[in-house]
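K.L.:
Letter by letter, the chains look like this.
There are 2 protein chains.
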Amino acid sequence: MRNIKLVIEYDGTNYVGWQRQPAHHGKSIQQELEKALACVLKQQYSLLGAGRTDAGVHALAQVANFHTTCNIPVEKLPIALNNLLPHDIRVRLASDMDENFHARFCAHSKTYRYHIVHGGPCSVFDERYAWQIFKKLDVEAMRRAATYFLGEHDFRNFSVLGSSVKGFVRNISRLELIEPGKTELCTHGNYGEPLLIEVSANGFLYKMVRLITASLVEVGRGRLDEEVLRAYIERTTPFHTMPPAPAKGLLLLRVDYGK
Amino acid sequence: MRNIKLVIEYDGTNYVGWQRQPAHHGKSIQQELEKALACVLKQQYSLLGAGRTDAGVHALAQVANFHTTCNIPVEKLPIALNNLLPHDIRVRLASDMDENFHARFCAHSKTYRYHIVHGGPCSVFDERYAWQIFKKLDVEAMRRAATYFLGEHDFRNFSVLGSSVKGFVRNISRLELIEPGKTELCTHGNYGEPLLIEVSANGFLYKMVRLITASLVEVGRGRLDEEVLRAYIERTTPFHTMPPAPAKGLLLLRVDYGK
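Those sequence lines, one after another, are chains A and B.
Residues 1 to 259 in the numbering used here are what the first sequence spells out, letter by letter.
Residues 1 to 259 in the numbering used here are what the second sequence spells out, letter by letter.
Hints are supplied without guarantee of correctness; some may be wrong.
Which copy? The list can't say, so a pair holds if one copy fits it or any two copies do.
30 Å max Cα-Cα, derived DSBU-like pairs, lysine-lysine [unchecked claim]:
id: 1; residue 1: 27; residue 2: 136
id: 2; residue 1: 136; residue 2: 42
id: 3; residue 1: 166; residue 2: 136
id: 4; residue 1: 182; residue 2: 42
id: 5; residue 1: 27; residue 2: 166
id: 6; residue 1: 166; residue 2: 182
id: 7; residue 1: 166; residue 2: 135
id: 8; residue 1: 42; residue 2: 166
id: 9; residue 1: 35; residue 2: 135
id: 10; residue 1: 27; residue 2: 135
id: 11; residue 1: 76; residue 2: 135
id: 12; residue 1: 76; residue 2: 136
id: 13; residue 1: 166; residue 2: 76
id: 14; residue 1: 182; residue 2: 76
id: 15; residue 1: 27; residue 2: 76
id: 16; residue 1: 42; residue 2: 27
id: 17; residue 1: 76; residue 2: 42
id: 18; residue 1: 76; residue 2: 35
Calculated from the structure, these hints are not laboratory results.
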């Protein structure tokens, strides 16, 4: 039995998210991929994804695997699938793995990037991929607050109750605020500044990245004190819930499997 | 009478082009802007655009002007218009000009950028903005061929007969092939190489940039000899017409008005 790993890129704008849904909810990435697989390999497969991305969330390198007895050369698979997939979903790589590989359970860490444009409007070309905040954010305060998230914490305050999960403790190994500067294209008009929030952890709770982002933005707006946020993270103060940052700014950057 | 200049950014994917069209042809950028202007200023205006972009062509800084007796503060105009405009059209700047300013007739030069990804697939995030060519192009041959276009030529071979024009002679002051290299995002899978073709001229004929691009790509594919292309440009050989490069790769980068 072969065990094939796929690396998948998608623009999530037009989808209800990664996970297969009842048809009337709309199209999911998983469902489009499974449809293409069935067509290429003449059999129904169930894809195991590294993680579920929400409606409107994008991915640069989502990972999924499936088991098959087919004998298609693995390097032909992306081409065959991409011929059938819609333009906003692309299989970037396919590789044969050993039988124990599991896209979700074997993942050591995942990295997400959240894209903000602040202090002015974003370009129309970023409209689908960025959260536009007209106020200029205090990035230094956000950077200080970001350090409080690092390490192992019970993140139940930074999740929305959804599917059942095994506990709320996760370990954030990296949370970085990157200011790439305006591109050379942003010379006409008062564009805002891009700000990227990159976060790696051994796992994420439902809406965790978008809630961390929302709380950092509250700090950056001067509406949430850094020490109060720290108390929320350490769960010494009852949490004042807030809406998560918009889905469209979020990108699953990569899934790491160690050596 | 005030004369107001607008700098406009748009993603042309969902439009029939800049120019107002009969309603059943679909929505145009000009029409969306005129509708928003009428709503803000309570009067019908006719916008004069610097140039017509085709269906599917994008703009970073299209320029248009209109005359008005309204007394709205000019810095308020982009905000008011953007509140009404669809997300893929944005007014970036508005400024009061002297009465003689005309977006088209006063333009000294226009610059377009054509975006190619070659030698592999493009990212789903470039899908709307790039021409994907699976073959690896010979960029050096294209660069040599590009120099033949420089200067004043009769470009009738590089235009499609559309609206009536005053002659076919145009002066290309710059035609550069830029290889920006893959972005840090293109690390998963065999992405192609980005190649930008930037061209500035005192004016462009209908589909001229897309035909120049198509002919350079033919050279890059090894299907058109550089010297044959030179003869086409110098009109010493009857031209073998070719389809223009796809609209979606084209971006109106800027319009220059001299001092």
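K.L.:
Hints first: check each against the structure and report whether it holds.
P.N.:
Hint-by-hint comparison with the structure:
In this assembly of identical chains, the alpha carbons of residue 27 and residue 136 never lie at most 30 Å apart, being 36 Å within a copy and 34 Å across copies at closest. In this assembly of identical chains, the alpha carbons of residue 136 and residue 42 never lie at most 30 Å apart, being 54 Å within a copy and 33 Å across copies at closest. When the C-alpha separation of residue 166 and residue 136 is checked against a cutoff of 30 Å, the pair qualifies neither within a copy, at 38 Å, nor between copies, at 48 Å. Taking identical chains as interchangeable, the C-alpha atoms of residue 182 and residue 42 are never at most 30 Å apart, the minima being 48 Å within one chain and 36 Å between chains.
For the identical chains of this complex, residue 27 and residue 166 are intra-copy neighbours only, at 28 Å inside a copy versus 51 Å across copies, given an alpha-carbon limit of 30 Å. With identical chains, the CA atoms of residue 166 and residue 182 are never at most 30 Å apart, being 41 Å at best within one copy and 39 Å at best between copies. Taking the closest pair of Cα atoms, residue 166 and residue 135 never come within 30 Å of each other, the shortest separation being 38 Å inside a single copy and 48 Å across copies. Neither within a single protomer nor between protomers do residue 42 and residue 166 lie at most 30 Å apart by alpha-carbon distance, with minima of 36 Å and 59 Å respectively.
Taking CA atoms no more than 30 Å apart as the test, residue 35 paired with residue 135 passes between copies only; the shortest distance there is 28 Å, against 44 Å inside one copy. In this assembly of identical chains, the alpha carbons of residue 27 and residue 135 never lie at most 30 Å apart, being 35 Å within a copy and 32 Å across copies at closest. For the homomeric pair residue 76 and residue 135, the shortest alpha-carbon distance between copies (17 Å) is at most 30 Å, but the shortest distance inside one copy (48 Å) is not. When the C-alpha separation of residue 76 and residue 136 is checked against a cutoff of 30 Å, the pair qualifies only between copies, where the shortest distance is 19 Å, while the shortest distance within a copy is 48 Å.
Taking CA atoms no more than 30 Å apart as the test, residue 166 paired with residue 76 passes in neither setting, with 38 Å inside one copy and 52 Å between copies. Proximity of residue 182 and residue 76 under a CA criterion of 30 Å is satisfied inter-copy only: 24 Å between copies versus 39 Å inside one chain copy. Only within a single protomer do residue 27 and residue 76 lie at most 30 Å apart by alpha-carbon distance; the minimum there is 25 Å, versus 41 Å between protomers. For a Cα distance limit of 30 Å, the shortest separation of residue 42 from residue 27 inside one copy, 21 Å, qualifies, whereas the shortest one across copies, 42 Å, does not.
In this assembly of identical chains, residue 76 and residue 42 lie within 30 Å of each other by CA distance solely inside one copy; the values are 15 Å within and 59 Å between copies. Taking the closest pair of Cα atoms, residue 76 and residue 35 come within 30 Å of each other only inside a single copy of the chain (17 Å); across copies the shortest separation is 50 Å, beyond that limit.
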